[in-house]
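Chains as they are written, first to last, in this note's numbering: chain A, 1 to 555; chain B, 556 to 915; chain C, 916 to 1402.
Keep in mind the hints are simulated off the structure, nothing from the lab. Just so it is clear, CB atoms sit at the ideal spot from N, CA and C, and this is done for glycine as well. Check each hint, because a few of them may be wrong.
Computed far set for chain B versus chain A, every beta-carbon distance over 10 angstroms [said to hold, decoys possible]:
| hint | residue |
| --- | --- |
| 1 | Gly586 |
| 2 | Arg756 |
| 3 | Met801 |
DSBU-like mimics (lysine-lysine), calculated; alpha carbons at most 30 angstroms apart, straight line [as the list claims (entries may be wrong)]:
| hint | chain 1 | residue 1 | chain 2 | residue 2 |
| --- | --- | --- | --- | --- |
| 4 | A | Lys190 | C | Lys1030 |
| 5 | C | Lys949 | C | Lys1030 |
| 6 | C | Lys1186 | A | Lys362 |
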Amino acid sequence: MNLLSVVRAGIRSGLIVGVIAIFIVLIGMVQTFAKRYLTGEITLGMVILLAFGLVAGVLAARQVAKSSPRLGHKVLAAAISGLITGVMLAALLLVVSQVSLRDVLVNATPEMVAALSFGLPLSGAAVMLMGMSVATAVIAVLYGLVPPRLRRALLEGIMAVILIGLFWEAIIGLDVSRLVMNFLGVKAGKVLPLPGGIGLLGVVSLVTYLLRMRPRPETAVVRQRHRTAWRYVSLVLIAGAMAALPFAVGLFWSQTLTTIGLFTLMGLGLNIVVGMAGLLDLGYVAFYAIGAYAMALFSSPASSLGLGLPFWVALPIALVFAAISGILLGIPVLRLRGDYLAIVTLGFGEIIRVLALSDVLKPYIGGPQGIMETPPPYFFGTQLSDPRYLYYLILAACLVVVFISLRLNDSRIGRAWIAVREDEDVAQAMGINLVAAKLMAFAIGASFAGVGGAIFAARQGAIFPMDFTLFVSINVLCLIIIGGMGSIPGVITGAFFLIGLPEVLREVDEYRILAYGAGLVIMMLVRPEGLIPSARRRLELREEEAEEGVADVAR
Amino acid sequence: MAVVSREARVSRAPAVKLSLNRIMLWVVGLGVTALVVWRIAGTAALGLYGPDVWLMQTLNGLVQGSMYALVALGYTMVYGILLMINFAHGEIFMIGAMSGYFVLNGFHQSGFLASNPVPALLITFIVGMGVPPIVGVLLERIAYRPLRRAPRLVPLICAIGASFFLQQAVRLLFGIRTKVYPTVAVLSGSWTITVGEREMRIQHMSVLIIVITIVLMVALYLLVRKTKIGKAMRAVAEDKEAAALMGIDVDQVIMVTFAIGAILAGAAGVMWGLWYKQVIHTVGFIPGIKAFTAAVLGGIGNIPGAMLGGLFLGFVEAIAPTALDISTQLKDVISFGLLVIVLIFRPSGILGEVLTGKKA
Amino acid sequence: MKKWFVTLLVSALVLALLPVWAFAAPPAQIPEDKIEGKIYTLEPRETLSLVAAREFGNVLAFPAIVYFNNFAARKNPQLTLITDPNAVKQGDVILIPTADLVKAYLAGERIGPAKGDAPPDDPWGVVTVGPGEPVRIGFAAALSGAGVDVLGIDEKRGAELAVVDRPTLAGHPVELVVEDDLCSGEGGTAVANKFVADPTIVAVVGNMCSSSSIPASDIYERAGYTMVSPSSTAVAFTARGLRSANRVCWSDAIQGPAAAKFVYEKLGLRKVATIHDGSPYGEGLVNAFAEAFKAMGGEVVAQEAVSVGDTDMRPVLTKIGVNKPELIYFGGFVAEGAFLASQRADVGMENVIFMGADGIKAEDFIKSAGAAAEGVYASAADLATAGPGVNAFLAKYEATYGEKPPAPFHLHAYDAVNVIMDAIYHSAVQGPDGTLWIGREALNRAVRATTGYQGLSGVITCQPNGDCGTGTVAMSKVVNGQWVPAE
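Model the full structure from these sequences, guided by the hints.
Written out as structure tokens, the structure is:
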């Protein structure tokens, strides 16, 4: 590899990272996070600025590494890459400080200049940005010289500090942390203190370093025995943790857990429709809405029916309503496949929302003003309005639905669905009743969502049409795909990721949806089969990969 | 390529067992159609609305439909080639409208728009149609190309993610405030014609939008039918592998497809801005969904189908609340209901069968 | 090495000076017994602004007069309680406070808190704010999500500027804890639970939308958290007998009828059409308007609705046009309002008057509707008297955020924060070391006791049900591209 191509690789990666860096600065992340302390005086803004150089260095080194193993080449490419990124940032700084771009780019403010220049005079700041970028890029490459085990350990330590620093307030806000702190008689500040951060770095690095130390010479039998034992232990542990969870994490996180639970219910339902039967449904929120409205109509004394039925009576009614609407939607779309189905179901979801919102149905279901005063559920005289109690109700519902899903998975109808998903014509030739199978999938999927909606209405106390937007459908679809389609643990994991994580990231409110979008794209690019794919699907994907490999060879 | 072959069977003859169901659906469909006709007749008998109202609504619908159609073309072309729903296409449209705004507003503030309106508008259109393809092609390169062989839902989710990302990126870069297109004096006049006893106004801009749309559609038709790249596009849509064997650069063809779709969406975006004035980062969402509906209505993957579907959807949206005498609030119910009815009679859209039939 | 040394030195200095500093700067406050001034009887046609200008050379000082007067009036029956600073009349006996008091008021200081050695008893619980700790006020609005984020971010800025203007409260820094509730019931309850789980949150400014305020209010009610919503105008919000739900905007039941009265009496029109945007705000407002208008004897010839996000209004306008209304009353926000107003001309309805409410009374409406905005009416809070204060606020807003307010409720958010802060002064007990004990119920009572507070959005006087934004409804009209008073 000649020097010229090294330089070229450096320039190219520098330009790519530079453009990304300018984008990140211009959307205001650096200045917003300049006041977001991770540990001690170290802010997230600083970490982001440092990360530009690091990424530029790593990217350049990777490109060079493909063709040249020489360290000198890597360092050179990284330095060039870092320099270019730094120059672009410095140029941005100079432009923003001299020309007012605020009419177009709202974040190009004096604040941005301050965040980029650390209070230095402009020329000094520009030189410093470039120097910092080059230095971090070179450091990133040199870091590759550290023995891999230590390197990993240190990296994990740094990641741990960043994560804990980022979520520090959430962590100390948990009920269990409060208990511990009260017990120890300490008071946690709003920022992870610097000594704590350094200590954390040390401890995490050391632990991960030691954990990777020794390979385990175990025989298969021993491992097997261990595994069975471990399985029981972990089951008991998980059950105990699930039971204690709401009181350990407190009110807010219990509320979040109930939301995660509701989305798990919907996810499991959609998993049957999309994951098993392969019917792409983009309007799944309709059934959630129908369940919620049925619950509110029948249980609220303030609704147009004014029956005021108790929760446990209204719940089966809501379920039946949802199931029937699932069948009603199913009938006209029986002949549609793939994307035609997707748009029709999307339309169905919108129709339900618009109807709920409309003046036509206002006398019955309240129009935009919704339905008020849905009472919380009672359980043997205990009012379940506190999310910590409601959690158990939703947990129970989830367990029931998980059980049903597991049984369906291995049942005759479950296999029929999979056959329909794989090939309708073949499935029919094999004697599967398509109409029954599809309608069954719609009805069961809808009833799960209906139960979720009913509990939602009881939890909220008041429901409005705007609770049931297309975004909910998209969220549910995304969570089953992120989790791993067709996989039940995947759905639960997906719900935790897509519903729980945004709650953890509440603070970065402005960037939440941006991060959500970027996360979906990256996730699909890096791990399209989902976090916990079902065994069947993993096999399918591998098969396709193998096929692809063959095709490549043939080409 | 299991994915493609599975999809290619879409239009196979429906099985015998479904036929009873099919008859039922026809009955339902005919019933609804009869109801619609009866309501229209009722409204007409009332005599509340004169011919000027109907003409006006038709014109409104055609203008709105033109923009839907241009956006729908992007959906349908990408679908025809990749069998994927490019959910982010609505945001491409939004980026077109935004880029147009910044140019036109700049000209407005500098006074260039007032002194040289025609070149200013031309440059606005060029930029508004020039920026979206850059984003579209980048999107394809970064987010979609690696997923070309993945299961169908994976690119869909990726596209949804990209849609959120683009929308938020624009919000964070350019602010949350509504951007208002400046009024262009040369376009804001209208003709007054007499219909029956009443006068009605036809705005210059509405005619211009329809004309531009027709020009662009004809250009697209010629491109697809008469040029080499059009031929390549059709070949890739038919069979990627075979096209590759014939020496067609499939990647390049896909890139061009994305670019053309984005150019059309950009044109629609600028016209949207000129016609409705207000542009905001969420402006692409609803037209995106509607255009997607239009594409399916016309038969997704089919270019004339998308044109027809867009115009038809716009027309129905504008005229149905008046014709059926129900609240305008329910127009989305009508348009999606229409979609269901059409799909009951023709499961692959109005013009859908032609293309899929060839493929099967 | 040198840096360490400097750090050490500075820390040592600070530590050494700490006791001195602590004694030198006692918590800023106005003791109750120091309310002094002269008793004055208003002359004919004399307004409080005039008095303020004459006495203190500052028109903006008149809220201080109201504040001290109303405080003194509780003990001195001779004084007139001012419930509306713009409606004082000849013969009202008022207290004109001393210049020092006015100065203190304008610097953000208030009467109180009471001195004490122990936390007060409070059935809803007591928030303890230790020395130097911040007083934390929650804020919930939609900061993301199509169409609503503009409103929410605008409110957030208003609330932030309130804290910028009054950064401390009885010697404690004030901190705004901002949360995104997405304007949904889901988000509203999530945020409510988050605040309720955090015992340091004193009260909540929010929520923004009625659809999230109403589910959230049940949670706040159970936990005894005071909420002051800047913009939940649905009648149901305060109609359910909750003790802790308050708002500084009016309910739709006030604004709608006021607008109807204006149309019927001042404009003398008898045939109107209404359009709402399907939001709880728009729908509730339009209904209140239509009912009042019919009750007066007017005719509502068409009632239509559009959806948020609709752009082509020509079909709906054409449809209502055949009924020949003289005026279109619209309940909704800027975007749809501007589409309606500007597309009137396209269907030959440019002579039909267009009227909206506070949802459209923003600069952006005029910009978006262009020439068609001329002659459009809107009912909104009366800004005429608070004019100078509003202008200063708007200048600060633009300087801070680089743009003019894109939505209408920033003033209400600013006022909501101030109402809560004043109520904390009135209800809290301060220990000798500066610790602040805030009884939650006492705080709520203090909020509901707010009388005649001159906010930026109008006069704030709380009713027993928590409706505080009872300020006068003023009609504005667009003339030459500016919103001006219509009368």
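Now the hints, each set against the structure:
Listed as outside the interface, B/Gly586 is consistent with that label: its C-beta sits roughly 12 angstroms from the nearest C-beta of chain A, beyond the 10 angstroms cut-off. Annotated as non-interface, B/Arg756 keeps its C-beta farther than 10 angstroms from every C-beta of chain A; the closest such distance is 30 angstroms. Chain A leaves B/Met801 outside its interface by the beta-carbon criterion, the shortest separation being 14 angstroms against a cut-off of 10 angstroms. Pair hint A/Lys190 plus C/Lys1030 holds up; C-alpha atoms about 29 angstroms apart against a cutoff of 30 angstroms.
Proposed proximity of C/Lys949 and C/Lys1030 is supported: the alpha carbons are some 14 angstroms apart, at most 30 angstroms. Proposed proximity of C/Lys1186 and A/Lys362 is supported: the alpha carbons are some 24 angstroms apart, at most 30 angstroms.
In the structure shown, no violation is registered for any of the earlier numbered hints.
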